[in-house]
Amino acid sequence: MSTTVTANSATAPTTATGSALAASSRFKVFAITFSIAGPVVYCLSVYFNLAVFTYFPAIGRFAWGVEAVQSGTGPNMLWYGWDVTTILVAGVLGLIAMMLPERVTNKIPLFLVWLVPILSIPYVVYALMFWWRLAMRE
Amino acid sequence: MTSPISTSNVFWTVWLFVHLILALGLLGALTHQAMAAAFPVRQPAGGIVTRFRAVSAPGYATAVCVLYVLVFLIGSFIYTSYRVNIRIPLEQGHYFKTGGFFDFKEHVSTLGLVLLPAYWYFWKNAQNPEYDNARKGVTLVLAVMVWFLFIVGHVLNNTRGFGA
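Those sequence lines, one after another, are chains A and B. Everything in the first sequence is counted per the working numbering, starting at 324 for the first residue and increasing by one. Everything in the second sequence is counted per the working numbering, starting at 277 for the first residue and increasing by one.
Be careful, since some hints might not be right.
To be verified - Some chain A residues judged to face chain B by a derived CB distance under 8 Å, without partners named:
#1 ALA354
#2 PHE376
#3 PRO380
#4 PRO398
#5 MET400
#6 TRP402
#7 TYR403
#8 THR409
#9 GLU425
#10 PHE434
#11 VAL436
#12 TRP437
#13 LEU451
#14 LEU457
To be verified - Heads up, incomplete: computed chain B residues facing chain A, CB under 10 Å, no partners named:
#15 SER352
#16 TYR397
#17 PHE398
These aren't lab readings, by the way, just hints derived from the structure by calculation. C-beta atoms are modelled at their ideal positions from N, C-alpha and C, and glycine is treated no differently.
Using the sequences plus the hints, can you model the full thing?
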């Protein structure tokens with residue numbers, strides 16, 4: 324089987340999407356701001372425990388904000404709340420960025436989109452220290 | 277205490293399978309795309325590695341986003357059962373590294389999720405050389421994340437998952 328190589332690389336011209344969203348400069352600003360702010364907001368949500376809600380899976384109960392485990396509730400889950408906080412805050416930041424003049428938004432460095440999540444990893448590992456401490460005691 | 281998630285093993289096993297199958301699709305699509313972005317094929321060749329890289333990478337973007345969100349949502353749903361039926365026995369069995377890595381997976385999955393809007397935008401504008409480096413970077417980061425998520429999920433499933 325022969326291999327035809329046309330428009331198959333990232334840098335080669337590609338099929339035009341025709342998508343209004345993909346052509347929108349406002350969506351570009353929203354998407355880039357959301358993706359840069361997202362990891363930062365998520366780490367802050369974890370650090371400051373800013374969960375929109377707490378879920379108790381053993382009894383199927385939701386509670387607004389952060390609610391501690393009580394007798395008979397079983398374990399609590401904050402991750403869903405952190406995620407919703409992150410999406411809401413990063414979304415609002417994206418919307419705010421859309422309102423800024425283009426001369427400002429054009430200065431947002433695009434490499435931050437992939438660099439910020441990499442820089443978030445050490446904090447995430449640190450945030451799980453209780454697990455690593457328990458593991459080291461073994 | 278009445279648990280709403282103490283349904284049958286079959287129920288959770290089916291969801292775990294759906295999660296796995298969609299994750300495999302995501303892994304394949306993203307790996308193809310990452311290889312095409314990192315090592316673009318300049319001229320025709322017949323080798324399997326070259327053909328692996330010689331895909332129409334931009335065409336994968338929407339599928340990757342849809343698959344990521346689906347895998348994320350189903351994983352989030354299964355997580356409720358994991359928290360009660362798997363994590364507690366893991367802690368009791370002193371599988372702390374396994375539990376820690378699952379929580380690591382949880383964080384990484386969110387970090388990957390928030391990358392999707394920019395990832396999608398960069399690929400839908402693949403004809404614009406201004407985005408070449410950012411597109412390559414975000415695709416590689418996302419691919420590494422998805423491989424990590426997949427491997428941790430697989431190891432955890434071997435520890436106490438399927439049919440547990």
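Hints, one by one, checked against the model:
Interface hint status for A:ALA354: upheld, as the beta-carbon distance to the closest one in chain B is roughly 4 Å, under 8 Å. Interface hint at A:PHE376: violated, since its Cβ lies 13 Å from the closest Cβ of chain B, which is beyond the 8 Å cut-off. Hint on A:PRO380 holds. Least Cβ distance to chain B is approximately 4 Å, under the 8 Å limit. The closest approach between the C-beta of A:PRO398 and any C-beta of chain B is roughly 6 Å, which is under the 8 Å cut-off, so the hint is satisfied.
The interface hint given for A:MET400 holds, since its Cβ lies 6 Å from the closest Cβ of chain B, which is under the 8 Å cut-off. At a threshold of 8 Å, the smallest CB-CB gap from A:TRP402 to chain B is about 5 Å, leaving the interface hint in force. Below 8 Å, beta-carbon pairs count as interface contacts, and A:TYR403 has one with chain B at about 7 Å; its hint therefore holds. Annotation: A:THR409 was flagged as interfacial toward chain B, and the flag holds, the nearest CB pair being 7 Å apart, inside 8 Å.
Because the beta carbon of A:GLU425 sits about 14 Å from the nearest beta carbon in chain B, more than 8 Å, this interface hint is broken. A least Cβ separation of about 6 Å between A:PHE434 and chain B falls short of the 8 Å threshold, and the interface hint therefore holds. Evaluation of the A:VAL436 hint against chain B yields a held restraint, the C-beta minimum of about 5 Å falling below 8 Å. For the restraint placing A:TRP437 at the interface with chain B, the shortest Cβ-Cβ distance is roughly 3 Å, inside the 8 Å limit, so the hint holds.
Against a cut-off of 8 Å between C-beta atoms, the interface hint on A:LEU451 holds, since the closest Cβ of chain B lies about 5 Å away. Contact between A:LEU457 and chain B, as hinted, is supported at the beta carbon level, the nearest pair being about 4 Å apart and thus within 8 Å. This hint holds: B:SER352 has a C-beta 7 Å from the nearest C-beta of chain A, less than the 10 Å allowed. Among the interface hints, the one on B:TYR397 holds; its C-beta lies about 4 Å from the nearest C-beta in chain A, closer than the 10 Å criterion.
Annotation: B:PHE398 was flagged as interfacial toward chain A, and the flag holds, the nearest CB pair being 8 Å apart, inside 10 Å.
Hints 2 and 9 from the earlier list are contradicted by this structure; the remaining hints agree with it.
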